[in-house]
Amino acid sequence: MDYLFFIVMLPLLAGLVVGVIPGDRIGAIRGVTLGASWLTALLSLIAFCSFDPNGGLQFVTEWTWVESLGLKFYLAADGINIGIIFMGAVVAFAAVCCAGDVTHRIKEFYFLLNLMICGILGAFASMDLFFFYFFHELALVPTFIMIGVWGRGQNRNYATYKITLYLSFGALLALIGLIGVYVQTGAESFSIPDLMKAVEEKPITESAQQWIFPLLMFGFGILVSLWPFHTWAPLGYGAAPTATAMLHAGVLKKFGLYGLIRVAIPMAPVGAQGWLEVMAWLALANLLFCGLVAVRQKDLNLLIGNSSVAHMGFIFLGIASLNVIGLTGAVLVMIAHGLLAALAFGLSGHLYQQHRSLDMTRMGGLLRKMPLAGTALLMAMMAGCGLPGFANFAGEITIFFAAWSAGFQTITVIAAWSALVIGGLYMLRAIRNILHGPQGDDWDNASDAKPLVATAFGLLLAMLLVFGFAPNLLTKRINGEVEKIVRLAKPEGAAPEKVEVVRR
Amino acid sequence: MGDQLKFVQLEMMVVALGLLVLIADLAMAPSRRRLLGYLSAAGLFVVFLLSFRDGYTALVNESTEAFFNSRYKVDGLALFFKRFFLIAGIFVLVFAVDFSERLRSGMAEYYSFIVFALSGMMFAASANDFSMLFVSIELITITFYILVSFQRHRLHSLEAGVKYLILGAVSSAFMIYGIALVFGVAGSLQFDDLHAQQSELIQSKVFLFGMLFLFAGLAFKISAFPFQVWAPDVYQGAPTPTTAFLAVGSKAAGFVLLIRLLVAAVPEVTAEWTSVLLVISALTILYGNLCALPQRNLKRLLAYSGIANAGYLLMGIVAQSEEGTVAILYYLAGYLFTVMAAFMIINLLTKEGEGEDISCLSGLSKRSPFLAFAMTLAAVSLAGIPPLAGFFGKFLLVKSVATEAFGNTCFFVLLAVAVFGVVVSIYYYFGIVRTIFWGRRKADEPTPPPVTIGLPVRIVLGCCVAAMLYLGLLPNKPVKWAETAAKVGVTSK
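From first to last, the protein sequence lines are chains A and B.
Going by our numbering, the letters in the first sequence line up with residues 6 to 509, in that order.
Going by our numbering, the letters in the second sequence line up with residues 570 to 1062, in that order.
The set of hints was computed from the structure by calculation and includes no laboratory data.
Ideal placement from N, C-alpha and C gives every residue a C-beta, glycine not left out.
Do not take every clue at face value.
[Unchecked claim] Below, simulated DSBU-like cross-link-like pairs (lysine-lysine); rule was C-alpha separation at most 35 Å, straight line:
#	chain 1	residue 1	chain 2	residue 2
1	A	112	B	935
2	A	202	B	732
3	B	774	A	202
4	A	167	B	935
5	A	207	B	1046
6	B	1056	A	202
7	B	1049	A	207
8	B	1056	B	774
[To be verified] Between beta-carbon pairs, the in silico distance windows are:
#	chain 1	residue 1	chain 2	residue 2	range
9	A	211	B	1038	38 to 46 Å
10	A	278	B	845	34 to 42 Å
11	B	1038	A	457	34 to 42 Å
12	B	982	A	61	38 to 46 Å
13	A	7	B	589	57 to 65 Å
14	A	283	B	1042	34 to 42 Å
15	B	1035	A	7	29 to 37 Å
Looking at chain B on its own, in the form it has when it is part of the complex (with noise of 0.2 Å):
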């Protein structure tokens, strides 16, 4: 067992930096604990260097059957989202640094918190079996209780904590319930067994019931329609790294998993129910675009932004095709370095629970030139026009959907749905840009003074322009980097 451990060495690494600086926070005066912050994003930079050293990457061959019994996988899907969570992760902490003097208290908590939920998403990245499922789940969204809840002193915080909470609670209920009738039916938690047997099992109403709860529970996490209510209340009254970490990490999760499940596991059952998908998927887009229109509250309309873009990103399930998770993988990739850039750039410009109103962008292209430009990719990117991230993420969805169209026209339903919901964004997205140009002050508020941006979050920010520009510009490699990842097979036995 003991050389088996190099499976979860990365998973280990990162565990141990989430003991360490609880340990290093007794040590430290409070006074350098912001250097703790920087230290720990520096230990995970290290790790996701080493995620691409030769002994590691070479595991992705090795057939993980005498550790765990195959529950556990490092394949490229799993070697591409630990990365991703990586890259969130540190991002994440430079962003929380920034934050932390409005934490008031337990900043060493908060940055190990992070650590926390960021390997649970990173077991989540290999999970191939209902109990890895479960507990790197469980992993996350405990750890986010706390994240959301961390401004104890504000109302807001409190009340998203607790709603994050209760209605986390609920789909983790849904999610336990569905796992045991899939075990009740199929005898076992493993995806390999439940795809060797897909065909016997879907023949069971008890199995496609729990399959549908273990959906519900998937679906609440990437905030899909009708499990989104949650997101815009979270979203708004969390910290900002926070509310990015959720936008970010925990759906790329939510995502990892439905893969793992509905198009390695069982393709079957996901044949079966190309249409509740695909109407969800439409329902999610619309509502989530719908429902952006009016906001105000630059937090709150990126949380429907998100619910949208879960929409766009089932899409890829709906097309259950290798192209579709090709598609979904380039979409997060781009999503990630957006909205971390878009959630840095409000932060900066707001000041603690007020200000967060879209109004706070007017003028920026005169406080900040390098904010406004950052701000306007991110906007325009998000939604999806060229030469950006957001737009090459879109055009592999729609492909990927428009490829099975011509033989079931009710996938045209959904493409029409989709340009529909682009259309829309395009409405509020451009809406920002339009604040930052020529969005105008009231007469009686003076000019803000030009914005102070540290160091380390402009090196974020400026990776984040970087990466948004060559994701669109120059696709070639990230496409074979998704497309050596999303070919997930299923250990045959």
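Chain A on its own, in the form it takes in the complex (with noise of 0.2 Å):
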């Protein structure tokens, strides 16, 4: 047992301790549920501090769950998931501080949301395949019930069922990859190491990879909205509660990428070979297709979910490059966006609730309204169109580096011209249009965000800022675990790549 238990555990016993709460205990309830998740986010922070990056694995908790089948529970940090695990412990943390917009049934929405932040931060920490699944399924029937109850809007019956079913859908296909996996590897085994040292001794069969990548590489893509399958995203977020949708778009969307980068690549690479143009093509396609379907929206929340959608890109543009510097940039990337993400979905929400509208076209002049919320939207906004110093720029430059290296140079250009200029176009008008110019109608009520909200606020942009001058924080955690899985995907090409350019 060490710290990473304690971070998966501590919000499943606070939603236990909600559970025995009487109902009408509201202030008891949100206390005990901040407390834990105030605990697991300190924890994840002493847990990121103290990792070793040369360490391997590390804070480990293993034990055997079912014998014969070789599953084990199994919890490690290594450099790539510490960070990951760290930017969710915190959106939990902020996501439970903007949860104050949930007004009726509290304690079955502050349990599901203890069960949805365990969950969330289980697939993270599982080095056992099994349990990465099983905690992603996990937190996904929270996500349907708090969209149902709490969610907002009219077509929520819709969205709900929408995003259940698609990611119930990409969580299958990904399963059936996996169990592949487990079979083709011979290994008996579920856990994450054991499978990575059988693959580096016997690859699995050629014939099985062509079969195993695509599964996982649209199962993934499914629950990371790769375009065609990206419908659901915007329409759910938009839909959800905004802890619900902070949580998601933030962290749990990760998970498919995080499969990708952990799973797809290292056990399949051959399989990769076809498949990775393909996914750089249609990585290209979030970027441009719902970049300017971002352009044309009037409602803020879908503008975020659409440009949250354009974002997921350069990570499966990362990804397709697969090289040392692609895939570190996709993980900086992949932790930036969710900061970023949470940050975005709570300052919506935080709108929302001032006015039960986000229609950016009645909005305006907000920001002498609200100067913490409307600096920290000015400031999301900026980082969405890749500002430097936040730190999606040091991911998103990295991975058009690693892109071109790769050899995608007309998908790098059409990318960078698409990611500056149309996400710089509707973000500078959601910006002129909300903040700036004449105040809109009937938002004479609005006020600023409560001390608890802009905490979180201001949590989420440090963090942004701190990654975004120090990349290295990360890319020094990232590096070593990168190199080893691009050596089991290009064992011709291992020559040392370093990621210099984003250590400034």
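Put the two chains together into one complex, using the hints given.
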């Protein structure tokens, strides 16, 4: 038992405690959840700081779960997931801070919220593929109920079903791929280190890889809203309550990308050969198409949702380049985007709470009304279009270098253009519509963020800036693990590339 | 012969219990007949405990050759299923007592018929010979004709009874015809003999034809496509305890016989028929799930979901491996507790024959948080989502098929269909969850009062919930039990 065990189990414990507290004691319920998530975030900060970049797997908890199938309850951190877990715990804390907009059936909401946090953190902390999947699905049921019961908008029922069915379908496709990996390696184990070792000794047969990779790519791809399977995302986030949208868009969605880096690439590199180019083109479609869709949005939530889908394109592009800087950049963007998406949805949630509407054409001049939240929104929008100084820029520029050197020159040019021009277009327009100009109708009663919510925004912004100015806090941890994966995937070209670019 | 009867001691006790109930009924005042149901449930529980006695479990290692000439097997598989049926029987009896006011007459007979059907299932668990197979199947089916049409004052119940009778008789005819053909070619009714000469037998078209008829008969029992037509009407019309027993017991009896026949006795025939079984499994999954989509009647919905589940279970047979058998056993165990809980809750919420509409669940989270919790778990488990029993069962089934899939691409088609089916099923199972938590009643309807639940039903529901969580969260031991049970061999001569 180590930090990770407590990081995963604290939310579950908080959920159980919430289950026992009588439903009318709202303060106690909120307090317990807030306290637990604060402690989780603190623990993850300690874990992140005490993580040794050259130490391999750390903070290990390993229990045999089903002996005859080789299933283990196996929590551990390495360079790739430590950063994601840290980001996840911070986002979870921020989400709990912003959950004040829920006003009915509070006990149930906080119970589900805790369960969801446990699932999310567990998924990224698991080194056993079965639990990796298990925790992800565990987070899915609360998502469904939370959107359905506490969601907003006319078509939340439709959105609920859409998000659930899409995500289940993706997860099941990926599950078959994962089982395929298990069966084909012959490792008799679901644990990622064991599987890596087995593949290193004897790779999976080529014909099997031809099945496994597409299964994983599209399965995980649907979970990450890879174009053209992205339509659930803006809709679902638009209908979700603030905390759910923050957690899902920020953290849970990264599950698929994490799975691609962790499992699909190292286990089926031969199968990946033909598909990586397809992935790169689809990534471009994400960037370009969803970016253009975002330009047309009038609803702030749909804008953020679409831009979040567009940003996934960077990460897919980084993975498709399949070199050390590409994968490092991908992980970097995953973390940066997690913080950013959580911040953006937290802010839109705050605005919605003020006025029950997110129609951008009827906003305006809100920077005067709410200096704190307005500034946070401004900075979030800037981070979203890749302003240097925010962590997103560090990751995105790395990915452009990687994609160029991997031979996707055309794609890189179009992607860079779409990211800068289209991204800039809709982000700046949103800033003008929402924050500047004459004040919109009916916004007189709007008030600024309360201290708790402001803390959440501040925390997320601070993290974005810290990782933006010092990305090597992350890259020095990520690098070693990514090198191992690239070596497995491309044994011939294992020349150690350095990620000097991002060390400023 | 006398000391050989130890092999059937459990079955003898169960039959004796059934007779005792009938006799005790004569001496008992009508007002106290509920007690009779509880007593017989307690009696079955004692039998269940006795099945763990060392003296009995030691029989697994003893050859039954001397007894009945190997026509009757007491092995791990038989033991697993006997306990399975006993648990199902206990639950159904408690359920039936709760239901008994709606029967109007013949309560004690109802209890005793449940016990007799149970004995038939327990015999089926050990059947290793066509005559044994046929007799035990008929014992189950004939008692079910009566159990299904027990509410004589309800037209639906009678209709269901007639449907089940006619289609059941047809399937029995199929089966007996098949047995005759197989006997004509093989010259023996014993599975062991078939196993010994299967490579020659497989050459004979007549033999394969006979096996196909046999399979059709068993497919009727498990309600696999295209022999599923009876299920929705019968499930809907039958008294709810009967429906639950039919869904769990009858289906499991069909599967134990399929395992004995297709996996243990003639695996070569199964291998030859891989594509046929695969197509049947896929179509069953599709039919069940797609037809369940528009259903509003909960019992009917569960009937279609039962058909879909038969399709999933068939995946374990298609895999043709010990792993597949383990998966079937595990899935069935999870299914028992899940479906039993679901039917019990539906029964608590509905009045006779009416209000089985899905809307009866709306507002349940306020009326009875415990029932809402249990029903949610049941629906989520049936949908195959962790951390519940249904997920681990489906995981094992998918894994057993995926293991074979890299040698045979057709299996990927089955996997694709299964995935599609699960996604479709999530839609309607989550529809149940949705109704429980945020379904709205009509404005003019008064909010129904909180549900009262008797203690025995509460205990049974508690057991179901605990078992669903246990099978989903701590599968280590249950998987080992299933693995011990799945080692079905055939006594070589």
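Hint check results:
1. For the hint pairing residue 112 (chain A) with residue 935 (chain B), the CA-to-CA distance comes to about 13 Å; that is within 35 Å, so the pair holds.
2. With a C-alpha separation of about 59 Å, the suggested pair residue 202 (chain A) and residue 732 (chain B) falls outside the 35 Å cut-off, and the hint is violated.
3. Among the hinted pairs, residue 774 (chain B) with residue 202 (chain A) is inconsistent with the structure: their alpha-carbon atoms are about 50 Å apart, more than 35 Å.
4. Using a Cα cut-off of 35 Å, the hinted pair residue 167 (chain A) and residue 935 (chain B) holds, with the two alpha carbons roughly 27 Å apart.
5. Restraint check for residue 207 (chain A) and residue 1046 (chain B): the C-alpha separation of about 32 Å stays at or below 35 Å, so the hint holds.
6. Restraint check for residue 1056 (chain B) and residue 202 (chain A): satisfied, since their Cα atoms lie roughly 32 Å apart, inside the 35 Å limit.
7. For the given pair, residue 1049 (chain B) sits about 30 Å from residue 207 (chain A) by alpha-carbon distance, which is consistent with the 35 Å threshold.
8. At roughly 30 Å between alpha-carbon atoms, residue 1056 (chain B) and residue 774 (chain B) fall within 35 Å of each other, so this suggested pair holds.
9. Separated by about 42 Å at the C-beta atoms, residue 211 (chain A) and residue 1038 (chain B) satisfy the suggested range of 38 to 46 Å.
10. A hinted range of 34 to 42 Å for the beta carbons of residue 278 (chain A) and residue 845 (chain B) is consistent with their spacing of about 37 Å.
11. A hinted range of 34 to 42 Å for the beta carbons of residue 1038 (chain B) and residue 457 (chain A) is consistent with their spacing of about 35 Å.
12. Taken as a hint, the range 38 to 46 Å holds for the pair residue 982 (chain B) and residue 61 (chain A), whose Cβ atoms sit roughly 41 Å apart.
13. Judged by the Cβ atoms, the range 57 to 65 Å given for residue 7 (chain A) and residue 589 (chain B) holds: they are separated by roughly 59 Å.
14. Checked against the given bound of 34 to 42 Å, the beta carbons of residue 283 (chain A) and residue 1042 (chain B), roughly 39 Å apart, stay inside it.
15. Separated by about 30 Å at the C-beta atoms, residue 1035 (chain B) and residue 7 (chain A) satisfy the suggested range of 29 to 37 Å.
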